[in-house]
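Asks: Okay, here's what each chain looks like letter by letter:
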Amino acid sequence: MAEAAERHGTSDPTRRVVLAAAATSSLLLAGCKGIRALGPPPGLSPDVVTLEHAITAEELMVSTYSSALTALAGDAKAGQVLARVLAEHGAHLGALRSRLILPHRTASATPRPSPVAPAMPADRQQVLARLAAAEQAAVTRLTGQLRDVPAALAQLMASISASEAAHLVFLHQAGLTR
Amino acid sequence: MSRAAQNEAAKIAALQQALAAEQAASYGYGVVGAHLAGARYLQAAADCVAHDRARDRLTRLLIALGATPRAAAVAYKLPVTVSTKADAVLLAITLEGEVMAAYLDLVPAADPALRIVAATGMQDAAIRAAGWGGYPQAFPGFAAAH
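Sequence order for the protein chains is A and B. Residue 29 in numbering that gives the first Met the number 0 sits at position 30 of the first sequence, with consecutive numbering throughout. Residue 135 in numbering that gives the first Met the number 0 sits at position 136 of the second sequence, with consecutive numbering throughout.
Next up, chain B with everything else stripped away, as it sits in the complex (with noise of 0.2 angstroms):
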């Protein structure tokens, strides 16, 4: 395979992985909404319309490149059980925190135009992670060290 044949690949891979995780996050929302009521289901409510942008955007982009968009699955394991309101506000700011890393992910596969949609979709979900409470963090979307 040519460089720039390689380059297109992890592309699409990054972007496919983009995908999956907002894809995971608007499944995931809608557990969180299930266990929250007024301004904080409204919060969940328009989160989970956010991330559903987001798939779309992403979705639009792979079909621009010439790739198949992965279809979203069924079901998601998520990584938080959720059973109090707690667990349900944890979960959003797991789930913000799995975007991020997916973004951080797309940079270095990124051309310059789709690094910004890679860095607004970082900003975008950090924003959302705060509106949820959680704790400040340096280096949003790289590993726990910091």
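So that you can see chain A by itself, here it is in the shape it has in the complex (with noise of 0.2 angstroms):
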């Protein structure tokens, strides 16, 4: 199964298979007719659209996590469980933004502010069934998202929501009970 992997490219998720606004082909189509002549920058495709999308929601995971970890500080086990799955959402929030180049001027003319999770509630329940609802809705939306994207985006995606999917399972290791 590794030749396979090696075959269809798939060993490495984290390599940059770029997914860029397409700027440049519309600079080469202006020619020498000056700059007039090149008009409004193009649209972001919607792929790139998705994948922005995703990269939001799992940051949006990663401020979720991390105030669940301020608000179960207290407890060993749930704490030694959420702080490995946060190192997860890290390393797939990398690899999401790793697949995203964007030219420079769309890059810096409008910085996007990072998601920020809203405050945990004081029940231990309560915060892993909101980690656990989290973790529910980002399988749901990247299955339905892969759908349509290239091919090595949905393949990365496709092994996010499995891992995803793996974290409900340790969220009731961590003690959630429902």
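A few of these clues could be false.
[To be verified] Computed list of chain B residues with no C-beta within reach of chain A, every gap over 12 angstroms: (1) H34; (2) L77; (3) S82.
[Stated by the list, open to error] Computed footprint of chain B on chain A, listed as stretches where at least three residues anywhere in the stretch have a Cβ under 8 angstroms from a Cβ of chain B: (4) 83-92; (5) 144-151; (6) 160-166.
The set of hints was computed from the structure by calculation and includes no laboratory data. Where is the CB? At the ideal position from N, CA and C, for every residue including glycine.
Put the two chains together into one complex, using the hints given.
Replies: See the structure below:
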């Protein structure tokens, strides 16, 4: 199976397969007509929009787990599990970000603030239940989104969705009873 | 061969590979269960049934595409030599890893609907692996580097 993975180029989820907004082609087409022929910058492709949604959602997940870790500071067992899962979300975020390369002007025009998770409830079960709901929503969203993106990104999203499905099991191991 | 025929052939080959992984897992869980008792035995039996169902689903998909599903082998060389309970659990986790890798290979060959079959196949395997105490893995299905 390792050979098959190699054949499809699936051996490294973090390699930079670039989904760039199509800025270069319009520059080339503009040729020597001068800067005014460039017109407005091109819009983002649907793939880039999907990837940006996935990145924002993963940022929110990282923020949510960070808040949960603070809220459950006195619970060593849950803390250990949550820290491990948080590290995986960090890896997901890094892999998704590495697939996105925006033209400089788009990237610098609107510095996007990272989403911040809302405050955590005081009750331990409620904290774990909120994390489980976030994981379940992520699995559902990724499963829908990976239908229509390029193959390499679809593989990454499928793998991340599987990892996030496993997180539900870890949350039960951390003490979630529902 | 036309591009469309090539795509179809790649899809069928990837489905056959996923089918082979499910057949091997079904066989392997028989060995897992034989070394366990009580709740863990029941878990192995339930997971074996889950792999049988997935095998049947892939078989139906292949037939619908006009392909002949490859028959299961009589016996499989297991990726883990099992003589203890711990070996049996490790075998279960390893089998799930191989199933995830096969479904990951199906994703690029698949049409949109089949991609969802592949993704849910990976999710189910990841949940079972975690149930067996599989260590968290940020990128299931991809080769070890992570």
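Asks: Are the hints correct? Go through all of them and say.
Replies: Cross-check of the supplied hints:
| no. | hint | result |
| --- | --- | --- |
| 1 | H34 | 22 angstroms, holds |
| 2 | L77 | 14 angstroms, holds |
| 3 | S82 | 25 angstroms, holds |
| 4 | 83-92 | holds (count 6) |
| 5 | 144-151 | holds (count 5) |
| 6 | 160-166 | holds (count 6) |
Hint check: no violations occur; every hint is consistent with the structure.
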